[in-house]
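Here the protein sequences line up with chains A and B, keeping their order. Residue numbering for the first sequence follows our numbering, beginning at 1 and increasing consecutively. Residue numbering for the second sequence follows our numbering, beginning at 1 and increasing consecutively.
It should be emphasised that the hints constitute simulated quantities derived from the structure, not laboratory data. On a predicted model such as this, the values are computed, not experimentally measured, just so you know. Certain hints may be false.
Looking from chain B toward chain A, a few residues come up when the C-beta cut is under 8 Å (computed) [as the list claims (entries may be wrong)]:
| # | residue |
| --- | --- |
| 1 | Pro115 |
| 2 | Cys231 |
| 3 | Gly239 |
| 4 | Ile240 |
| 5 | Pro244 |
| 6 | Ile382 |
| 7 | Met455 |
| 8 | Arg460 |
| 9 | Ala468 |
| 10 | Tyr498 |
Subject to a maximum C-alpha distance of 25 Å in a straight line, what follows is the list of computed SDA-like cross-link-like pairs (lysine to any residue) [what the hints assert, rightly or not]:
| # | chain 1 | residue 1 | chain 2 | residue 2 |
| --- | --- | --- | --- | --- |
| 11 | A | Lys121 | A | Gly111 |
| 12 | A | Lys144 | B | Glu456 |
| 13 | B | Lys32 | A | Asp84 |
| 14 | B | Lys34 | A | Ser112 |
| 15 | A | Lys68 | B | Lys32 |
| 16 | A | Lys38 | B | Phe174 |
| 17 | A | Lys144 | B | Pro35 |
| 18 | B | Lys398 | A | Gly111 |
| 19 | A | Lys139 | B | Glu502 |
| 20 | B | Lys116 | A | Gly111 |
In this text, a Cβ means the ideal position worked out from N, Cα and C, and glycines have one as well.
Okay, here's what each chain looks like letter by letter:
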Amino acid sequence: MGIREQLKENREKILSRWFESILKTYPAETVRFLKKTKDQFHNPVGQTIKEGIEGILFELTGEGEIEKITPFLDRIIRIRAIQDFTPSEAVAFIFQLKGIIREEIDLDRIGSEELLGLDKKIDELALKTFDIYMGCREKLYELKATELRNWTYKLLERANLLKEFEENFKSK
Amino acid sequence: MSKQPKPPKPDELAKSIEYKTPETQWMETPVKFKPGMWCYGSRPKYLEEVGMPNPREWSPADDDWKLPENWKEIVLDGMKDRLGKYRTFKLFMDICVRCGACADKCHFYIGSGDPKNMPVLRAELMRSVYRKYFTTGGKLFGKTAGARELTEDVIKEWWYYYYQCTECRRCSVFCPYGIDTAEITIMGRELTNLLGLQTDWIGGPVANCYHKGNHLGLEPHTIQSNIEMMCDDIEEITGIRIEPTFNRKGAEILFVTPSGDLFGLPGIYTCMGYLMLFHELGLDYTWSTYASEGGNFGFFTSNEMAKRLHYKIYAEAKRLGVKWILGGECGHMWRLVHQYLNTWWGPPDFLEVPKSPITGTVFENAKSTKMVHVTEFTADLIKHGKIKLDPSRNDHLKITFHDSCNTSRGMGIFEEPRYIIKHVARHFYEMPENTIREKTFCCGSGSGLNAGENMELRMRGGFPRANAVRYVHEKYGVNMLANICAIDRAALPTLMQYWVPEVDVCGVHELVGNALVMTGEKKRTMDLRLEPLPGMEDEEEEE
């Protein structure tokens, strides 16, 4: 049985362990809420993470196209980029997948090439997480600047300061 | 019969054992100030302007907060005073049974996962001190009775967490005892303000409001010329010149709106909507450059400061001799009008019960406050067929409505804005039931938290709202988030840019202005943002 089949077969176990390991990065009192509350509007953090990792694993067991995986990664990282995490803590979850997969699948039944291929794919995702994380943080700084412009828009316009400001902050 | 769950295997059980030593109890875990989570301390000049105690340069990031020597006595005396004065405060300190119904209802808890953002625990931060100094059980049994000493660390913890609450009152909707945790935050802010712990973002608007009447300290000529500039844009769009009046004695109605509508994006478009509507009606109303602010950051400071700043609206109504007041799309202004005004002064006796001069409707609901919400006024106009509307001008918009905390939970305005939107536009979609109306999720930036330096906090707090917006965006293609609050109009665009950048933000009266067919107007090709109306893109170019 190839690695893809094994990933599919052990999907639930892998997802459950991966979810648990991400939840452990939150305070103990909160883990229960994030895990048990199924309503996606009541518990958007827990549900986004859950759906995100499901999407990532699903794509990994398929063609593994980075473009298809990116939206799932984005949703998880967009949350963790503004929570109480250092950059490394925010993106560590993607690396945890390697260890979990190794523990959950039968390594004797797959070739080392296959495992290397999967590792390489996860490394690609890890690189993508850095891009997404940085994108989120840069967005926050951009928002601080543009918000100030928007709040005083009419005053800047009156003082003929808008053009200069617009040039500095093109996007809205 | 349902299937019995399988018992766990030994290896699964072993994996589930947690080897970590237990975390310290919350009482023993001192607060750690994290970047992006707090606002700067107020500049001394702002405190001096309004006579608040302990003005000095300070930063929450410093170890030494330069508290007055007798800070502990000040806080405990302040608590004693308020426990005597405010029955709710005393009750809310005593009656919580810690059932936890509120715990997971706070948008800050949902977005951050920080247990001290659970409303029950946020309140315990203060209850523990209350028990220690004001209850026999707490005095005798200390920690066993949930009591703790008041220390500087506790003051810092209060400050950190009472400025991570937007006083939105969503938690209170779920409390079986009706405890309003926002009032505990309000007390937390009052008490820390006795030590000079105001934030700069609140202190500035308070001082400016006291001195000049509005948050930015705009002077009369600036307000007037800003509004006139909007009239220039309206003339470009409609061909109609509007000439509003300012500080006009003898007008029938005084119109008051948050100052964000006078200079900020997208608030100015909402303001253009008001101007167009009132002109079309031929309404006998006036603007005031003195009561030039509906917002009141005094409410985020102390009861006394809120009262002090709020009175200008009524003082101005009296000075100008108007019959009643029409209020714009504002949040906490309405909470103050609806829930505080009559306690402070009783119903104003120099005004008349508001009656729409256009429809003859008497606003019985505003009998005591003499102030009508502009969505009530406009919905009544539509109901009586008094304005001509072309909703197709908003056809490019798929709209959802965000209930602002103060107008929904604070005064029960749910239907009027929806009624208006459904008449001025043709594509309206509700967000999920547990995220709207009285269960609405806060924007995450209310109660003076809409500063720039606490952006991470705002993005966390606003995530549950943004998550529901994203749902209707993906399901129905929603691209516009309408609301009736100036803080929403200032804060939600930023929130959307981070979480759902495809969705823009507008006030309800911007949509009204777009749809309003004005007498003698030229063919409309642009919306209030000076962008081409649907199907008019080519005409724009031809012009």
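Verification of the supplied hints:
1. Pro115: holds, 4 Å
2. Cys231: violated, 12 Å
3. Gly239: Status violated, d = 22 Å.
4. Ile240: violated, 20 Å
5. Pro244: violated, 15 Å
6. Ile382: violated, 29 Å
7. Met455: holds, 5 Å
8. Arg460: Holds: closest Cβ of chain A sits about 6 Å from arginine 460/B, inside 8 Å.
9. Ala468: holds, 6 Å
10. Tyr498: With a closest approach of 6 Å, the tyrosine 498/B hint holds.
11. Lys121/A x Gly111/A: Holds, at about 16 Å.
12. Lys144/A x Glu456/B: With a Cα-Cα distance of about 11 Å, the restraint between lysine 144/A and glutamate 456/B holds, given a limit of 25 Å.
13. Lys32/B x Asp84/A: holds, 11 Å
14. Lys34/B x Ser112/A: violated, 44 Å
15. Lys68/A x Lys32/B: violated, 38 Å
16. Lys38/A x Phe174/B: Answer holds: lysine 38/A to phenylalanine 174/B is near 18 Å, not above 25 Å.
17. Lys144/A x Pro35/B: holds, 14 Å
18. Lys398/B x Gly111/A: Violated: lysine 398/B and glycine 111/A sit about 52 Å apart, past 25 Å.
19. Lys139/A x Glu502/B: holds, 15 Å
20. Lys116/B x Gly111/A: violated, 49 Å
In this structure, the hints that do not hold are numbers 2, 3, 4, 5, 6, 14, 15, 18 and 20, in rising order.
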